[in-house]
Amino acid sequence: MVERPNESEWIHRAMQGDDNAFAMLVEVYQVPVYNLCYRMLGNPMEAEDAAQEAFLRAYKGINRYDPERRFATWLLSIASHHCIDRLRRRKYPIRSLDELLPWQQKADDMPGPETALTQKENQEAVRKMLEQLGDHDRMVLILRYWYDLSYEEIAQSLSSSVSAVKSRLHRARRQLADQWIKRTSIEVGKQGRCDEASAF
Amino acid sequence: MKHQPFESWLYERETLTKDQTRDLEDHLEICASCRALATAWADVEGQILSASLIAPAPGFSRRWRTYLADHRRRISHRQMGVLLLTTAVGLAVLSVLFGAELLPSLQQAVPTLVSWVGKVANLVANLNVFRLVMGILVEATLENIPLVYRVVLPLSLAGLAAFWVFSLYRLNYRRITKGVIS
Ligand SMILES: [Zn+2]
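First to last, the protein sequences are chains A and B. For the first sequence, position 149 (counting from the first letter as 1) is numbered 149 according to my numbering, and the numbering increases by one without interruption. For the second sequence, position 135 (counting from the first letter as 1) is numbered 135 according to my numbering, and the numbering increases by one without interruption.
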């Protein structure tokens with residue numbers, strides 16, 4: 001996420017109480033913030049509410065923003081803390097919609113029908129596997145892969161240490177690899193049984 | 001076969017040195033178990049890297065403005081509620097604390113208040129008498145004062161008053177000017 005030329009001006013004006021300038025920042029950062037909330041909470045409605053609340057918290061705390069820091073990182077940090085808080089308060093496990101809503105279909109995913117199906121299944125499998133991770137481990141993974149944050153930036157965003165971030169990322173990757181192997185072996189087993197049945 | 005530290009290195013490739021990366025690749029050549037993990041992680045990582053950002057429903061910024069307005073309204077209602085509640089509680093506490101003490105005092109003060117009202121009424125009546133007496137005196141005195149004095153005396157008094165006001169003004173003005181210069 002590269003900062004726009006006008007961004008520092010909008011931030012400056014927002015810090016002086018200009019609501020329109022802050023609305024411009026909302027316009028620019030709605031997708032990254034919403035995506036973070038969606039990946040963490042797994043539900044479009046809750047993600048929408050969490051993203052709105054994250055922007056509200058940023059709006060109220062804009063005067064605490066340190067211009068030396070990247071605005072995107074600061075904003076994602078607020079959204080991350082808010083999502084973790086929500087998950088902590090939540091008593092039921094993540095329950096996402098099976099299908100993405102129409103506006104959530106990604107424009108760059110336009111392969112052929114068969115490839116598209118496999119791709120969709122794989123994406124769905126990865127999404128479910130992500131949901132199995134611990135909240136903090138999932139957050140570290142999301143910040144690393146979707147936002148390309150450095151270990152230091154992730155640590156700063158989550159009020160954690162670099163070594164803790166590395167350890168969480170390591171654990172998340174290992175867990176995902178283990179789950180992928182299990183999934184693949186189950187599918188191979190299913191495939192084998194289908195082949196045997198069709199031979200008879 | 002010994003899998004460590006290679007199994008751990010699979011998930012930390014970006015932090016490995018060149019030698020460690022070469023050692024890991026050598027191990028993967030001969031270890032099917034670590035190779036399976038490496039392939040699995042590469043698959044998952046590929047899926048994650050190919051997943052793009054998901055956008056909210058159109059009109060997010062518009063909904064944000066509504067969200068902000070709702071928040072402000074809630075805060076305003078809450079503040080008004082807190083104010084009313086605090087006032088009500090304060091009045092209730094005051095009446096509980098001092099009500100019992102103030103009620104007898106108020107009852108005792110009634111005769112005093114009545115007598116004060118009488119005194120004020122007397123004073124007003126006396127003032128009327130005083131004005132009447134003073135009017136008669138002034139009238140009698142004016143009749144005995146020559147016309148020259150009747151004109152000169154007020155003019156002198158007016159001149160003195162003007163001089164007094166001018167002196168006060170000069171004193172204040174000079175003090176301010178000095179204050180500014182210093
Ligand atoms: Zn091995």
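FYI, nobody ran anything at the bench for these hints, they're computed from the structure. The reader is advised that the hints may include incorrect statements.
[Unchecked claim] Which residues of chain B face chain A? A few of them, derived with a C-beta cut under 8 Å, are:
| hint | residue |
| --- | --- |
| 1 | 41 |
| 2 | 47 |
| 3 | 143 |
These numbers come from a predicted model, not from an experiment. Even glycine gets a Cβ: it sits at the ideal position worked out from N, Cα and C.
Now the hints, each set against the structure:
no.: 1; hint: 41; result: holds, 4 Å
no.: 2; hint: 47; result: holds, 4 Å
no.: 3; hint: 143; result: violated, 76 Å
This entry does not satisfy hint 3, going by the numbered hints stated previously; all others are met.
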